[in-house]
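Undergrad: Order-wise, the sequence lines are chains A and B.
Numbering of the first sequence is given in our numbering, commencing with residue 1 and proceeding in unit increments.
Numbering of the second sequence is given in our numbering, commencing with residue 1 and proceeding in unit increments.
There could be a bad hint or two in this list.
Unchecked claim - Just a few of them, taken from the derived set where beta-carbon distance is under 10 Å, the chain B residues facing chain A:
#1 ARG79
#2 ARG193
#3 ARG202
It should be emphasised that the hints constitute simulated quantities derived from the structure, not laboratory data.
Ideal Cβ placement from N, Cα and C applies to all residues, glycine included.
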Amino acid sequence: MATEAYAVDVDDVVKRFGKQIALDGVSLRVRRGEVYGLLGPNGAGKTTLIRSLVGLVAPEKGTVTVLGRRMPQLAVLAHVGYMTQQAALYPDLSAEENVHFFGAINGRVDGVREALEFVDLWDRRKSVVSTLSGGMRTRCSLACALVHKPDLLLLDEPTVGVDPQLRVQLWDGFRKMAAGGTSIVVSSHVMDEAERCDRLGLIRFGKLLAEGTVAEIKAKAGVDRLEDAFLKLSEASPA
Amino acid sequence: MSASRVRAITQRLLHQFRRDRRTLALLFGAPLIILGLLGYLLRGGGDVPKMGLVNLDLGGNGGLVASTLERSKTVSASRMSAADAAAKLRTGDIAGYVVFPPDFSTVAFQSHSIAPEIHLEGSQPGLSQSIVQAVSQSFVTLAGRVGGIQFAPRITFLYGGSSFDTLDYFGAAFIGLVVFFLVFVITAVAFLRERGQGTLERLMASPLRRAEIVLGYMLGFTVLALVQSAEVLAFSLLVLHVHNVGNVALIFLLEALMAIAAVNLGIFLSMFARTEFQAVQFIPLVIVPQVLLAGIIFPISTEPGPLQALSRVLPLTYAVEGLRNIMIKGADLTWSSLQLDVGVVLGFCILVILAGAMTLRRRIA
Numbered sequence: 001m002a003t004e005a006y007a008v009d010v011d012d013v014v015k016r017f018g019k020q021i022a023l024d025g026v027s028l029r030v031r032r033g034e035v036y037g038l039l040g041p042n043g044a045g046k047t048t049l050i051r052s053l054v055g056l057v058a059p060e061k062g063t064v065t066v067l068g069r070r071m072p073q074l075a076v077l078a079h080v081g082y083m084t085q086q087a088a089l090y091p092d093l094s095a096e097e098n099v100h101f102f103g104a105i106n107g108r109v110d111g112v113r114e115a116l117e118f119v120d121l122w123d124r125r126k127s128v129v130s131t132l133s134g135g136m137r138t139r140c141s142l143a144c145a146l147v148h149k150p151d152l153l154l155l156d157e158p159t160v161g162v163d164p165q166l167r168v169q170l171w172d173g174f175r176k177m178a179a180g181g182t183s184i185v186v187s188s189h190v191m192d193e194a195e196r197c198d199r200l201g202l203i204r205f206g207k208l209l210a211e212g213t214v215a216e217i218k219a220k221a222g223v224d225r226l227e228d229a230f231l232k233l234s235e236a237s238p239a
Numbered sequence: 001m002s003a004s005r006v007r008a009i010t011q012r013l014l015h016q017f018r019r020d021r022r023t024l025a026l027l028f029g030a031p032l033i034i035l036g037l038l039g040y041l042l043r044g045g046g047d048v049p050k051m052g053l054v055n056l057d058l059g060g061n062g063g064l065v066a067s068t069l070e071r072s073k074t075v076s077a078s079r080m081s082a083a084d085a086a087a088k089l090r091t092g093d094i095a096g097y098v099v100f101p102p103d104f105s106t107v108a109f110q111s112h113s114i115a116p117e118i119h120l121e122g123s124q125p126g127l128s129q130s131i132v133q134a135v136s137q138s139f140v141t142l143a144g145r146v147g148g149i150q151f152a153p154r155i156t157f158l159y160g161g162s163s164f165d166t167l168d169y170f171g172a173a174f175i176g177l178v179v180f181f182l183v184f185v186i187t188a189v190a191f192l193r194e195r196g197q198g199t200l201e202r203l204m205a206s207p208l209r210r211a212e213i214v215l216g217y218m219l220g221f222t223v224l225a226l227v228q229s230a231e232v233l234a235f236s237l238l239v240l241h242v243h244n245v246g247n248v249a250l251i252f253l254l255e256a257l258m259a260i261a262a263v264n265l266g267i268f269l270s271m272f273a274r275t276e277f278q279a280v281q282f283i284p285l286v287i288v289p290q291v292l293l294a295g296i297i298f299p300i301s302t303e304p305g306p307l308q309a310l311s312r313v314l315p316l317t318y319a320v321e322g323l324r325n326i327m328i329k330g331a332d333l334t335w336s337s338l339q340l341d342v343g344v345v346l347g348f349c350i351l352v353i354l355a356g357a358m359t360l361r362r363r364i365a
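Construct the entire structure; sequences and hints are all you get.
TA: Right under this line is the structure:
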């Protein structure tokens, strides 16, 4: 699977929920070993896009290809890690038991310790999840997403509720994973996080407004700050 | 105490319910359904118990009582030969029969004692009672003619007997019911929790197949359900000494099938609920009518016709009947009636397993 040029290839995807259009002809490609940031306000379609990458949303139009496989396909999901926005964990199980379970359903349990150390929860591994703080649950949820050492990691706002110090630490971890060949798609509405992505996709009202490196996007908008670039590009293409 | 703060809570509550149409429908619909069902069951002019009359009396009194019984509104009595009556009792076509022996009239006049033989099927206490009552009432006419007479029937039971108490009759049915009910509720709620806490989304984004999820759930809960079944059975037999003449392994087999069916019914129905609250609402809709109609309390043969048809399609009916067949009548798998009971429960199991796996797939696609 490592021979495929793109980790993610989304081509002209359309998805509506009733009258609400969630994805309006989105096309984007994520290269191997790249950290791709999906940037956009709440309700822009980031979560729907990520869910379409794991086959939880069936597009009405367009195609989604993940790690060289046309979605939906079950087998490829063993190589994909998905962290939902809400910390999806079993509250009655310990942190370690949760991570072990999600490893097991993906066919790999050898990375439990590494995953828990990555999120700095190894010392709290015996704690039952319902006794953990919100930030710890987010971290545990992240550990569950990467325990099976996926080739593609999908992170839906992974650093919400995580303190700044750990956030820096997690981003260092993401960069390290990317350097090791893992492709990462991360959604965020925090601009300083976006600066750490290799490339960005700006998304609003279900449309991809702009795509490129941080420098490219700033240049396109003709401004110095990413935040200003986002605002300017949003104005340029009204809904 | 602030009236406006209290009012805020009251208002919020009513607003919430206005949005939850389903809970409202249940709140105002379910009582009517349940009470209506109960009313129809008790006043719907159901069938009366069937009984046989075997008149061998050489005098005229046997015939007199027999024709009084034939006119009775509380039983449906018809004349037959002794051999016929015995056979029909065994097949369950009649709930009992009364025999007036050849010396019936003579004895009645000589010793001022009426001694008919009443043979009862015995597995359903309600039916037995109706028959004994009808027979004793039919002698009122005769007693008036003879005067100062004693009613001393000789009663025999095909199954059970006079030593049976209420628990012996209902124990068999309740063993199945308790397991079915609790396992259903626990599974439905657990599956909904998976949905609510977001972990189901994660499972769906993994290579897990839908059938693997359903099967995994089924096995997990089946382990719990089997332990519970064993516990309920042991308590009933060893502590409560509920009457049992049948094979304990067979009882456990039927219970285990019920438990598996309940697990899968729980998974299946949880697809139609958004919250745990809504899952609990299935109890009055799914469980209560089954309890009323499965023949646990009211014998199916005396229900109004349309309800009998309904009872005959409820799986719990066959489970209860099967458990009674085993525990009270000592049935084994060579009995065709037990084969039917086990077969229906097994079929229901397979049906809900398939339904659970299919609905899960549909919801995610």
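Undergrad: Next, verify each hint and record whether it holds.
TA: Now the hints, each set against the structure:
1. ARG79: 67 Å, violated
2. ARG193: Interface hint status for B/ARG193: holds (9 Å vs cutoff 10 Å).
3. ARG202: For B/ARG202, the interface hint holds, since the closest Cβ of chain A sits about 5 Å away, which is under 10 Å.
Hint violations for this structure: number 1 only, all remaining hints satisfied.
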